[in-house]
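Trainee: Each chain, letter by letter, is given below.
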Amino acid sequence: MTFLRVIPLFLLFSGFCVAANVPAGDAANGMPKVQITYSKVGPRQIEDATARAIPRDYASAWRTLALALEQNQTDLLDSYFVGTALDKFVAAVEFQKSSGLRTRYIDHGHTVEAGFYSPDGGALELHDTAHMEIQIIDGGNLIHTEQVTLNYVALMTPAADRWNVRLLESVPNF
Amino acid sequence: MFKLLSWALLIATCFFAAYAARAAEIHPPAGVIAGTAFTIPTAGAGKATFYLVGPTYTGKREVQLGQAIEVNAEEVRSAGQYTVVLRSSDGEASANFYVTANQPAALSFLAHPSRIPVSQPNGIIAVAFIFDKFHNLVFQPQDVTFRLALQNAALISRSVRTRDGIAWTRMDSSRKAGNAQFTASVGSIEEKRVIQQVASDPCNLRMRVQRNPKGISVETDPIRDCTGNPVPDGTVVTFTAQNANGKSTVDAPLKKGVARAELNASGPTTISVASGVVMGNEVRLAGAK
Numbered sequence: 000m001t002f003l004r005v006i007p008l009f010l011l012f013s014g015f016c017v018a019a020n021v022p023a024g025d026a027a028n029g030m031p032k033v034q035i036t037y038s039k040v041g042p043r044q045i046e047d048a049t050a051r052a053i054p055r056d057y058a059s060a061w062r063t064l065a066l067a068l069e070q071n072q073t074d075l076l077d078s079y080f081v082g083t084a085l086d087k088f089v090a091a092v093e094f095q096k097s098s099g100l101r102t103r104y105i106d107h108g109h110t111v112e113a114g115f116y117s118p119d120g121g122a123l124e125l126h127d128t129a130h131m132e133i134q135i136i137d138g139g140n141l142i143h144t145e146q147v148t149l150n151y152v153a154l155m156t157p158a159a160d161r162w163n164v165r166l167l168e169s170v171p172n173f
Numbered sequence: 000m001f002k003l004l005s006w007a008l009l010i011a012t013c014f015f016a017a018y019a020a021r022a023a024e025i026h027p028p029a030g031v032i033a034g035t036a037f038t039i040p041t042a043g044a045g046k047a048t049f050y051l052v053g054p055t056y057t058g059k060r061e062v063q064l065g066q067a068i069e070v071n072a073e074e075v076r077s078a079g080q081y082t083v084v085l086r087s088s089d090g091e092a093s094a095n096f097y098v099t100a101n102q103p104a105a106l107s108f109l110a111h112p113s114r115i116p117v118s119q120p121n122g123i124i125a126v127a128f129i130f131d132k133f134h135n136l137v138f139q140p141q142d143v144t145f146r147l148a149l150q151n152a153a154l155i156s157r158s159v160r161t162r163d164g165i166a167w168t169r170m171d172s173s174r175k176a177g178n179a180q181f182t183a184s185v186g187s188i189e190e191k192r193v194i195q196q197v198a199s200d201p202c203n204l205r206m207r208v209q210r211n212p213k214g215i216s217v218e219t220d221p222i223r224d225c226t227g228n229p230v231p232d233g234t235v236v237t238f239t240a241q242n243a244n245g246k247s248t249v250d251a252p253l254k255k256g257v258a259r260a261e262l263n264a265s266g267p268t269t270i271s272v273a274s275g276v277v278m279g280n281e282v283r284l285a286g287a288k
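If you read the sequences in order, they're chains A and B.
Quick note: the first sequence uses numbering that gives the first Met the number 0, first residue 0, plus one each step.
Quick note: the second sequence uses numbering that gives the first Met the number 0, first residue 0, plus one each step.
Chain A with its partners taken away, still in its complex shape:
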């Protein structure tokens, strides 16, 4: 009888463990949370596959950028950045290296609204309200930390198996 009473408790505990493991997996990967809406996208309608790919690839791009800036590694960047964005972030890492600085982005998530989607499907513009903590590190010393909400305009273009960030600029407002 006592044994039967324990079974529901065991199942409840097991269920809790499984449920708690799902978000932990994402956190372990360091993948930032990206919430995206497509209600204002146009003139081209967003395709289902694109709608699924954009938040995944945009989040991966941010994770890549954060790693590159924290570890001062330029070779990470070309997996999700192309064109102007790649050139600028490679330069950013090089400047950091030469001055002995690093920047750490602790990403608290992105609220993204898709805007212009070119008629030929060749470019998608995003408006991103990003919440993050930015830390500036000189050698091993944390010299500045700041909680910020930044507005970014991103331009993404399709490649063979993903969408790349071609432009990423912070702006005072949208």
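None of these hints come from the bench; they were simulated from the model.
Misleading hints may appear alongside valid ones.
[Stated by the list, open to error] Dumping the calculated DSBU-like pairs for lysine-lysine here, alpha-carbon to alpha-carbon at most 30 Å:
no., chain 1, residue 1, chain 2, residue 2
1, A, K96, B, K213
2, B, K213, B, K175
3, B, K175, B, K191
4, B, K255, B, K213
5, A, K39, A, K96
6, A, K96, B, K132
7, B, K254, B, K213
8, B, K132, B, K191
9, A, K96, B, K46
[Said to hold, decoys possible] Not close to chain A: a few residues of chain B, all C-beta gaps over 10 Å, as computed:
no., residue
10, G34
11, T55
12, N178
[To be verified] To spell it out: a stretch of chain A is covered by chain B in this simulated footprint if at least three of its residues, at any positions, have a beta carbon under 8 Å from a beta carbon of chain B; those stretches are:
no., region
13, 46-60
14, 130-139
15, 165-173
Values in this document were obtained by computation on a predicted structure and should not be read as measured data.
Glycine is no exception: its CB is placed at the ideal position from the N, C-alpha and C atoms.
Once you've looked at the hints, dock chain B against the given chain A.
Mentor: Below, chain B without anything else, positioned relative to chain A:
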């Protein structure tokens, strides 16, 4: 006497705190145009370390408090948010400012498709991205003019205001075939593309039929589209002959605007002609030679 000394010490502490706080202040301009040098005034005395962290440039240097910090044009070429930090023995001060794009200097122009039939409504898509000389997207609205020009044809022009640095439009292809010069311009900056406009589907496809000793000779009239452009050589025209023995087809490419073929058919025969989705006339031949 002790009370007086305490008050004096308190006032001195307040003055020192106020001085220290002033020493740690840093006030960059609220907005800076990309690639423009500027100065940041500082207060206090002694040395400090100045950090400038931007979207591209990151650097640090020793500065003298009380003197203005000079920020070079090369340090603020990229648009976006910058953070300045001033660290001295008196403490730390930080501030943020934005760098915005300079004047338009470059235009990234996407024209699609590169080859299109004539008279296609909204068939041409043009997208222009406006950048400054440092490859920053210019968010300040700009008027972009798209022009589609073809010799001996009316110029098609449209002006579109940018939004978030992007202007786009759809345009009809011209009524005349040929290589059209497609330009996008903002101020004196211009980018050119060539759109090859080709004849559309054949119009009024007609053929002449003649029996000869070997069979039936068929030949089209010179083939043109509905706006009078000659359909390009190589376009395939299909002749079909149907009689009591069945159906036979011959594909003939256009040569000098005309398609010709020999059909091996006898007896009463119906001959039709088509090119792509366009059907031409049908000719019925009696059985006699």
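Trainee: Please go over all the hints and tell whether each is borne out by the structure.
Mentor: Quick rundown of the hints versus the structure:
1. For the suggested pair K96(A) and K213(B), the alpha carbons sit about 84 Å apart, so the restraint of at most 30 Å is broken.
2. Of the supplied pair hints, the one linking K213(B) and K175(B) is violated, its CA atoms being roughly 41 Å apart against a limit of 30 Å.
3. Distance hint between K175(B) and K191(B) is fulfilled; the C-alpha atoms sit about 19 Å from each other, no more than 30 Å.
4. For the proposed pair K255(B) and K213(B), the alpha carbon gap of about 25 Å is at most 30 Å, so the pair holds.
5. For the hint pairing K39(A) with K96(A), the CA-to-CA distance comes to about 40 Å; that exceeds 30 Å, so the pair is violated.
6. Using a Cα cut-off of 30 Å, the hinted pair K96(A) and K132(B) holds, with the two alpha carbons roughly 25 Å apart.
7. For the suggested pair K254(B) and K213(B), the alpha carbons sit about 22 Å apart, so the restraint of at most 30 Å is met.
8. Pair hint K132(B) plus K191(B) holds up; C-alpha atoms about 19 Å apart against a cutoff of 30 Å.
9. A C-alpha spacing of about 24 Å is found between K96(A) and K46(B), which places the hinted pair at or below 30 Å, so the restraint holds.
10. The Cβ of G34(B) sits about 14 Å from the closest Cβ of chain A, beyond the 10 Å cut-off, so the non-interface label holds.
11. The Cβ of T55(B) sits about 5 Å from the closest Cβ of chain A, inside the 10 Å cut-off, so the non-interface label is violated.
12. The beta carbon of N178(B) sits about 21 Å from the closest Cβ of chain A, which is more than 10 Å, so the claim that it is off the interface holds.
13. Residues of the region 46-60 of chain A with a Cβ under 8 Å from some Cβ of chain B number 0, which does not satisfy the need for three, so the listed coverage is violated.
14. Coverage of the region 130-139 of chain A by chain B holds in this model, with 3 residues showing a Cβ closer than 8 Å to a Cβ of that chain against a need of three.
15. A count of 5 residues in the region 165-173 of chain A with a Cβ less than 8 Å from any Cβ of chain B is obtained; the coverage claim is therefore met, three being the minimum.
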